[in-house]
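Respectively, the protein sequence lines represent chains A, B, C, D and E. With the UniProt record's numbering, letter number 159 in the first sequence gets 159, and the count goes up by one each step, no holes. With the UniProt record's numbering, letter number 117 in the second sequence gets 117, and the count goes up by one each step, no holes. With the UniProt record's numbering, letter number 28 in the third sequence gets 28, and the count goes up by one each step, no holes. With the UniProt record's numbering, letter number 107 in the fourth sequence gets 107, and the count goes up by one each step, no holes. With the UniProt record's numbering, letter number 6 in the fifth sequence gets 6, and the count goes up by one each step, no holes.
I should point out that these hints are in silico values taken from the structure, not numbers from a laboratory. Do not rely on the hints blindly, as some may be mistaken.
Because identical chains share one entry, a pair is satisfied inside a single copy or across any pair of copies.
As the list claims (entries may be wrong) - Derived DMTMM-like pairs (lysine to aspartate or glutamate); straight-line CA-CA distance at most 25 Å:
1) K93 x E75
2) K93 x D36
3) K45 x D73
4) K45 x E75
5) K45 x E78
6) K101 x D64
7) K104 x E60
8) K87 x D40
9) K104 x D73
10) K87 x E60
11) K93 x D64
12) K101 x D36
13) K104 x E68
14) K101 x D139
15) K101 x D40
16) K104 x D40
17) K87 x D64
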Amino acid sequence: MVNGTTPNVETNGSFSGETGGFITLGYRGTFAFGRDGQADVKFRKLHRILVCGRVQLCREIFGDTLNESRDPDREGAERYTSRLYLKHQCLEKACDNLAEKGFKLVATCSSGANGLATPNPAQGSNAPSDYMNPRNSGDYEEQRWAHYTEYVFYREPQFFHMNI
Amino acid sequence: MVNGTTPNVETNGSFSGETGGFITLGYRGTFAFGRDGQADVKFRKLHRILVCGRVQLCREIFGDTLNESRDPDREGAERYTSRLYLKHQCLEKACDNLAEKGFKLVATCSSGANGLATPNPAQGSNAPSDYMNPRNSGDYEEQRWAHYTEYVFYREPQFFHMNI
Amino acid sequence: MVNGTTPNVETNGSFSGETGGFITLGYRGTFAFGRDGQADVKFRKLHRILVCGRVQLCREIFGDTLNESRDPDREGAERYTSRLYLKHQCLEKACDNLAEKGFKLVATCSSGANGLATPNPAQGSNAPSDYMNPRNSGDYEEQRWAHYTEYVFYREPQFFHMNI
Amino acid sequence: MVNGTTPNVETNGSFSGETGGFITLGYRGTFAFGRDGQADVKFRKLHRILVCGRVQLCREIFGDTLNESRDPDREGAERYTSRLYLKHQCLEKACDNLAEKGFKLVATCSSGANGLATPNPAQGSNAPSDYMNPRNSGDYEEQRWAHYTEYVFYREPQFFHMNI
Amino acid sequence: MVNGTTPNVETNGSFSGETGGFITLGYRGTFAFGRDGQADVKFRKLHRILVCGRVQLCREIFGDTLNESRDPDREGAERYTSRLYLKHQCLEKACDNLAEKGFKLVATCSSGANGLATPNPAQGSNAPSDYMNPRNSGDYEEQRWAHYTEYVFYREPQFFHMNI
């Protein structure tokens, strides 16, 4: 092969025989402000990492790290779901897993939540003052910074790779 | 062919004879918090997946999964519309359909809603307390996380592919 | 020509002699909720599509579909403006026009509006209750979902294309 | 040269001898609603275009159009700063300047402001009614649509270009 | 070398022997409005630049500029963390460091904060008027513009580079 250039195929070449498709990682996140909002550094704090896409593809990538307990219908390889999530909370690890399997991050988007969560729904109140005392100012700050972020990954189907 | 490099054509080569163009998928989404906001995992919850673009192109890609009932003007292949939507709610399936037809996801963007929806417009009230009691705290949370997201896809016209 | 590869030039090759540059499309948008917020599907609803960039370049791309009536200074091919807009409201059509002329969508971004619009400024009130009665709950919903979105397009200058 | 393919180097080749790096353009923007919120078209309205990055690189690109008056420390070519801004307000012109020098727009992001600005801080009030009368409804609308947008540009260092 | 095409490998080729992976930079930012909100130019103002990813990879890139004091578990090269941050506040410098080591910026996203921070939690009040007097209107403006931004970088593993 004289000219087998495969530039810009941003995958690591280690996969074979799989099909392509989109997988979306999503999470609701904020920052850890500590008990009194006084933590010296506010690190990222993620809720569960949700996984959406074709079930078979998600299983291939995440294997044992995938929690399927809330995805009731176990049949149908071609089935799509948005009821999977990861057992760990390491976003970059999940991204690395996807890249190792030939996926490419093609887009991300993020949006802030609006308004404040209910500290105690039974009280029927959402006044800011409920959040603001020395004990729970950290909670309040975590509400302020709540956001939802989505990472969209895509892998080309294999027959493309064979063409080049 | 000495030098048939087709690097970075991020399509799967399986289409022929079609024209290029932009198609936008959009949806208003949130998370499913359950009756009392107590669901153990809050999964993605989508409203209808809207489809915008040239009618003929949208039909070619989505075929029977496309709901055209709200797009009154059926004539004009070159016509553009923003009144189509999908019959299913699987975002990744829609993305896979587009990729199979040579489309590439070129951009996404997202923005949060602001303020709260009206639980019962006739009551003329939007006080947070309307949302916050043990029965509807889940509704309130779903309002907080409401967002609109857009996925922009593009396919190059075929005569480009013939040039290489 | 032994090696005329032009991979990944994501243009259709149909242009010649033009210069490169950035053009931004922007629009304020929301969803059509209908008179009582009861429309069965809420489609995208755009305000005017604004066009920003070098005047000559914008004219070349959009021709007769460009409204220049609010751009007072007609002189200066090298002049930049943010006072142009399209006569139609089809976002995907505008994108297709740009792609046909060799432009590539390089980025998009979106942000939600905050607070509510003034239904009747003379009344000097912005209480949510002004929006929430059976007659205008659709207006209120449209305010909630208001957002601004920007599509950034770029075309490489032609002398690059001549080099390859 | 048998095989001088430089596909997808999205630069125009006109620069030489410069180093690579990131430069970020940022601006706070909104729309011009006019005195009474009655302007027939609401065009983009930018505050100053901020420039962040290595000082020497910013100077090379923007030359005389760069305002350095607020960047007190003039020494150190390797110094980074976020205290530069442009003398003009044409975003697309700034983007074109960067592209002409071999920079590529690699990402953009945008976020809405939250709450309302203070029309007159001395009055100690931020009630919506302060904004909503026939005279200042345009001001109020401009507050609603306030957002911050960032354009991230990157240029590869030259020794890469010499390799190909 | 007959066919040494390395198109679109957007790295500078200066690294060797490293592995690939994702690294995320994140920061909460706003603008500096000055004591009375009267600073003539409002420059970007960043809180700490957070670094997330595989510990070993983060160390390789940022070396001495990485603050690891809040990452209690020092063992495990394969460990992922979100408890690292940079000692400096120059975003573009951090980006340049990543690019020098073969990383590519693949995505960014941003979301606004919602609501206002607590100026003095012990007072239990968050009324806008607390922010709006001649002395602290700058604080208020800084709250309005608070946002969180994430830059996602990726480096391909080295064995890909050896293939070409």
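(message) Flag every earlier hint the structure violates by its number, smallest first.
(response) Violated: hints 2, 9, 12, 14, 15, 16.
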